[in-house]
Amino acid sequence: MGDCEAEPPLPTAEEPKPLSPRARTVLQPHATPPEAIRNFCIIAHIDHGKSTLADRMLQITGVVDDRLMRAQYLDRMDIERERGITIKSQAVRLPWESGGTPFVLNMIDTPGHVDFTYEVSRSLAACEGAVLLVDAAQGIEAQTLANLYLAMENDLTIIPVLNKIDLPAAQPEKYAEELAGLIGCDPADCLRVSGKTGAGVEPLLDEIVRQVPHPVGDPSAPARAMIFDSVYDTYRGVVTYVRVIDGDLNPRERIAMMSTKATHELLEIGVISPEPVTSKGLGVGEVGYLITGVKDVRQSRVGDTVTNSAKPASAALGGYRDPKPMVFSGLYPIDGSDYPDLREALDKLKLNDAALVYEPETSAALGFGFRCGFLGLLHLEIVRERLEREFNLDLISTQPNVVYEVTMEDGKEITVTNPSEFPGGKVAEVREPIVRATILAPSEFIGAIMELCQGKRGTLRGMDYLSEDRVEMRYTLPLAEIVFDFFDQLKSRTRGYASLDYEMDGDQDADLVKVDILLQGETVDAFSAIVHKDRAYGYGVMMAGKLKELIPRQQFEVPIQAAIGSRIIARENIRAIRKDVLAKCYGGDITRKRKLLEKQKEGKKRMKMVGRVEVPQEAFIAALSSGESPTKPQK
Amino acid sequence: MPQLPDGDLAPLDGALPPAALDAFEPGDSPFGVYLHVPFCRVRCGYCDFNTYTLGELDQDGAQATGDYLRAVRAELELAARVLGTSRRVDTVFMGGGTPTMLSPQMLGELLGWVEELWGLAPGAEVSVEANPDSVDEPALQALAAAGVTRVSFGMQSAVPHVLEVLERTHDPARLPTVIQAARDCGLAVSLDLIYGTPGESLADWRTSLEAALACEPDHISAYALVVEEGTRLAAQVRRGERSRPDPDDEADKYLLADELLTSAGFAWYEVSNWTRSEAARSRHNEGYWLGGHWWGAGPGAHSHVGGVRWWNAKHPRAYAARLAAGQSPAAAREVLDADQRRDELVLLRIRTREGLPLDAVEPAGRGALAGLVADGLVDGAHLLRARRVVLTRKGRLLADLVVRNLLGY
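Quick mapping for you: the protein sequence lines, in order, are chains A and B.
Using numbering that gives the first Met the number 0, read the first sequence as starting at 0 and increasing by one per residue.
Using numbering that gives the first Met the number 0, read the second sequence as starting at 0 and increasing by one per residue.
If you are wondering where the hints come from, they were derived from the structure by calculation, not from laboratory data.
Ideal placement from N, C-alpha and C gives every residue a C-beta, glycine not left out.
Be careful, since some hints might not be right.
[What the hints assert, rightly or not] Listed next, the in silico EDC-like pairs over lysine to aspartate or glutamate satisfying Cα-Cα at most 16 Å (straight line):
1) A:310 - A:217
2) A:583 - B:5
3) A:594 - B:399
4) A:598 - B:191
5) A:592 - B:333
6) A:583 - B:191
7) B:393 - A:556
8) A:600 - B:191
9) A:592 - B:227
10) A:598 - B:399
11) B:313 - A:588
12) A:347 - A:334
13) A:594 - B:336
14) A:592 - B:5
15) A:583 - B:227
16) A:594 - B:191
17) A:598 - B:338
18) A:603 - B:399
[To be verified] So the derived list for chain B, only partly shown, Cβ under 7 Å to chain A, looks like this:
19) 46
20) 249
21) 289
22) 295
23) 397
[As the list claims (entries may be wrong)] Covered stretches of chain A, going by a simulated chain B footprint (3 or more residues, C-beta under 8 Å):
24) 384-391
25) 577-585
26) 597-604
Let the sequences and hints guide you as you build the complete structure.
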């Protein structure tokens with residue numbers, strides 16, 4: 000340790016050709032002094048070009064051959080690549096020579112969505128510096144701002160960078176002012192790059208070396224490494240990403256997880272560059288991966304501290320938190336016979352998703368399914384999409400809802416994750432989770448946003464101008480309102496210009512009721528919802544109206560009612576069908592008619608019976624999708 | 000135009016399975032011949048039948064009809080080879096298209112071939128469809144002389160703005176004269192009506208019904224307008240230029256028709272058909288509903304013999320080419336299995352006044368009967384006394400729903 004000598008790169012089958020001669024000297028893991036290490040991350044909004052910039056860094060530093068280069072190299076999952084977002088972070092070790100001295104840059108990729116704030120915070124905790132990357136044509140977005148604040152709280156050195164300067168619409172001067180105002184630097188200090196053309200990327204790497212402090216730790220203390228990501232790989236089991244704070248980790252050691260006290264043998268240790276390369280260990284300030292043979296990411300949790308089992312540290316690193324599901328939704332297979340497949344699929348997904356929880360649930364209307372808990376709406380959508388795509392399942396998901404703490408008048412407390420659990424008796428108090436939301440938008444939309452937030456039971460906490468025409472608004476809002484359709488409405492009222500970020504902020508007492516939907520007097524559990532008293536009527540009218548459109552007319556009249564307890568608050572009628580007969584039935588009509596009948600017989604399998612009422616599967620899907628997808632990622 | 004259904008390959012020589020021929024032989028169900036005449040002067044906006052204008056065929060009239068007659072002659076000869084000629088023909092129906100686009104002599108020639116090959120049974124019914132403006136008294140006389148017994152006029156409506164939407168060209172005022180002429184020639188007369196045309200009010204429909212009754216026909220068919228995909232009307236509806244037919248409005252119009260026709264002395268014998276007397280029923284059409292055998296000759300014509308259904312190539316040229324090559328013109332066929340036969344029996348018989356024998360309803364469907372009676376769709380008295388499932392007036396409007404209940408679908 001402490002030896003600054005550079006070693007030649009490990010021989011590989013085909014020598015990659017670095018674009019820059021300044022990446023030729025590769026320092027070896029476990030033999031790199033902390034002074035030569037720079038750990039940084041990139042904070043950016045989803046489409047502000049983080050992955051493209053990361054790609055360019057990989058190319059310039061030669062860790063990825065041009066031939067192997069594919070867009071967004073670091074994002075592994077298909078869904079991520081299609082959506083252009085990063086869910087699972089990774090860390091790549093890059094060689095870089097600055098002022099004639101070789102350095103190691105560890106680029107830690109951070110997830111970019113509100114649901115993964117905790118993961119972001121752990122990624123940030125693994126770094127000493129952050130590149131604040133902002134699209135020079137769009138300016139900063141709420142999410143980026145939230146992560147910037149998070150980075151500032153972690154005392155990270157911030158390097159402001161404007162990306163996409165090659166775009167004709169770029170306004171680097173304007174947004175440099177905005178950034179300078181936010182982090183208190185000089186507008187001239189904002190670097191300008193183009194991830195697309197590579198312009199400005201080498202100077203950026205130099206600035207990272209110059210500005211980001213090197214890690215500091217005690218090499219002789221018992222080992223302490225923080226887990227900032229944990230990924231399940233079919234072939235290798237769980238791959239755990241760590242940042243070593245003190246001491247060192249070595250192959251074949253027995254390690255211990257400080258939150259669970261579980262111990263594992265270290266089967267493999269190494270760095271990512273950008274494929275895994277085994278190393279002789281990891282020392283102070285280094286970033287790399289561990290493989291212990293465990294099969295479930297729950298045994299290797301983000302935020303936990305890894306230590307040496309034989310020589311354990313006395314205290315864990317701070318900041319560990321159990322993932323806590325905030326949003327619940329029922330997932331049901333459209334074809335009831337897929338239930339075992341859904342169970343198996345969830346069991347598999349769980350291996351790679353420490354935050355996913357689920358338990359079997361039965362719905363009178365939808366059959367057998369699972370009540371699943373998610374970190375947030377994007378998490379829900381990602382899980383659902385993976386189930387449908389990777390496991391070939393067709394699913395219905397019920398209206399997402401948050402967790403309510405209900406206290407009865409007799410003092411009994413009930414935790415409600417499903418409207419069907421909402422008690423009917425004398426309720427003393429209902430508490431609902433609230434969030435602290437940040438909305439960034441052009442100032443012309445202030446009125447529209449205020450109107451929306453007031454309608455969603457929001458309280459304005461403050462407002463600041465980021466620049467002449469851009470404003471930051473801070474609200475306290477019930478999470479349930481955000482889960483419902485807030486984001487879509489925000490987008491539509493601001494023509495897509497507003498961005499939103501939120502974090503949990505405790506809970507509040509609220510006047511909430513359960514609205515049931517009845518078809519011909521029978522409650523359809525899948526449509527029940529817990530809503531604020533003032534919104535109950537609106538929900539009832541909306542749902543009854545929607546179902547009237549979606550449910551085909553039957554042989555008899557079907558009343559649709561919305562009710563709070565036994566009180567009917569809205570009502571619609573599906574009139575009885577009066578005509579269902581083919582007018583002509585001659586020679587050629589007979590075959591057609593019979594084939595139609597055979598098709599209807601098949602279609603009947605997709606009908607759910609609610610009492611005597613036939614409800615097509617499609618009606619459930621359409622009614623539950625509530626005409627919008629509040630879960631679309633932010634763009 | 001409706002697409003032909005999917006089916007199995009049909010043998011090139013038109014041969015039928017022995018079981019189908021065994022069912023055909025004994026003569027306990029009627030044997031009909033349908034002759035499809037695929038020509039029209041103009042195509043009406045709502046029509047999706049297999050018919051062509053001469054312009055569409057890119058042929059002059061003499062060439063088109065000449066090719067057509069030759070091909071039908073060949074098909075009838077093929078039918079005689081396949082079925083044998085031991086049975087006489089009970090009914091002949093010349094439909095289209097516009098059969099009267101052919102001269103009475105040509106229609107007579109077609110009928111002559113049927114007689115020549117099989118002979119007509121005593122009292123055979125021979126129907127021809129006609130547009131009120133495509134026949135006159137001499138033509139009707141010639142048809143009667145050739146052996147035609149019944150004319151079915153495409154009246155559709157008596158209201159000019161309704162006829163305009165349907166793009167029917169005839170003058171409604173001419174109808175009583177033509178009908179009188181037909182009666183004078185000794186022909187039975189049927190009128191076809193359409194209800195539910197966009198823009199037709201209930202009062203318009205009443206006008207049409209009353210006008211039809213004033214002509215004192217023997218038989219009336221009334222069909223709800225179906226906006227078929229691929230027609231001009233469908234395009235107009237899609238573009239919002241015409242309103243989509245409303246099922247409730249159609250239900251009101253059906254009930255009005257049944258009421259007016261009943262009080263004028265007519266009785267229903269099939270969901271969309273009424274007659275003044277049992278003798279005036281269309282026996283040819285009853286063959287369709289009662290599982291009779293019929294050979295449909297002509298482009299796109301459908302046939303049924305002993306549980307085998309098949310259909311001809313649609314385009315007149317494709318149809319004629321196959322026959323010229325000595326092949327069957329069938330495009331495809333289906334040999335019905337037991338379940339399909341049961342489904343057809345239920346869906347067809349339920350449409351008739353005599354209804355469906357209770358024995359034909361399987362246990363799954365019997366459970367539904369009490370509910371159907373309670374809901375007023377099936378006549379309870381008939382069920383108890385005659386053990387037949389007969390639709391009430393309300394039930395006729397929901398016949399397809401009743402069928403699904405009876406089959407447990």
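Hints versus structure:
A threshold of 16 Å between alpha carbons decides the hint, and for residue 310 of chain A with residue 217 of chain A the separation of about 15 Å falls inside it, so the pair holds. The suggested pairing of residue 583 of chain A with residue 5 of chain B is violated, with an alpha-carbon distance near 20 Å, which exceeds 16 Å. The suggested pairing of residue 594 of chain A with residue 399 of chain B holds, with an alpha-carbon distance near 13 Å, which does not exceed 16 Å. Restraint check for residue 598 of chain A and residue 191 of chain B: the C-alpha separation of about 30 Å exceeds 16 Å, so the hint is violated.
For the hint pairing residue 592 of chain A with residue 333 of chain B, the CA-to-CA distance comes to about 14 Å; that is within 16 Å, so the pair holds. As the CA atoms of residue 583 of chain A and residue 191 of chain B are separated by approximately 11 Å, the hinted pair is consistent with the 16 Å bound. Annotation: proposed proximity of residue 393 of chain B to residue 556 of chain A holds, straight-line Cα distance about 15 Å (limit 16 Å). A distance of roughly 33 Å separates the Cα atoms of residue 600 of chain A and residue 191 of chain B; the hinted pair therefore is violated under the 16 Å criterion.
The hinted pair formed by residue 592 of chain A and residue 227 of chain B meets the criterion: a straight-line CA distance of about 14 Å does not exceed 16 Å. Restraint check for residue 598 of chain A and residue 399 of chain B: the C-alpha separation of about 13 Å stays at or below 16 Å, so the hint holds. Restraint check for residue 313 of chain B and residue 588 of chain A: the C-alpha separation of about 15 Å stays at or below 16 Å, so the hint holds. Only pairs whose Cα atoms come within 16 Å are accepted, and residue 347 of chain A paired with residue 334 of chain A is rejected, the gap being roughly 20 Å.
For the hint pairing residue 594 of chain A with residue 336 of chain B, the CA-to-CA distance comes to about 13 Å; that is within 16 Å, so the pair holds. With a CA separation close to 13 Å, the supplied pair residue 592 of chain A and residue 5 of chain B stays within the 16 Å bound. Distance restraint check for residue 583 of chain A and residue 227 of chain B: the Cα-Cα separation of roughly 13 Å lies within the 16 Å cut-off, and the hinted pair is therefore satisfied. This hinted pair does not check out: residue 594 of chain A and residue 191 of chain B have alpha carbons roughly 27 Å apart, beyond 16 Å.
Proximity of residue 598 of chain A to residue 338 of chain B is assessed by CA-CA distance (about 14 Å); at most 16 Å being required, the pair is judged to hold. Our distance criterion of 16 Å between C-alpha atoms is met by residue 603 of chain A and residue 399 of chain B, whose separation comes to about 14 Å. Contact between residue 46 of chain B and chain A, as hinted, is not supported at the beta carbon level, the nearest pair being about 12 Å apart and thus beyond 7 Å. The interface hint given for residue 249 of chain B holds, since its Cβ lies 5 Å from the closest Cβ of chain A, which is under the 7 Å cut-off.
A cut of 7 Å between beta carbons decides the hint on residue 289 of chain B: the least distance to chain A is about 12 Å, and the hint is violated. Look at residue 295 of chain B: its Cβ gets to within about 6 Å of chain A, closer than 7 Å, so that hint holds up. Of the supplied interface hints, the one on residue 397 of chain B holds, with its beta-carbon coming within about 5 Å of a beta-carbon of chain A, less than 7 Å. Counting residues of the region 384-391 of chain A whose CB lies closer than 8 Å to any CB of chain B gives 0, which falls below the minimum of 3, so the coverage claim is violated.
Look at the region 577-585 of chain A against chain B: 9 of its residues bring a Cβ nearer than 8 Å to a Cβ of that chain, three or more, so the hint holds. Coverage of the region 597-604 of chain A by chain B holds in this model, with 4 residues showing a Cβ closer than 8 Å to a Cβ of that chain against a need of three.
In this structure, the earlier hints numbered 2, 4, 8, 12, 16, 19, 21, 24 are contradicted, and the remaining ones agree with it.
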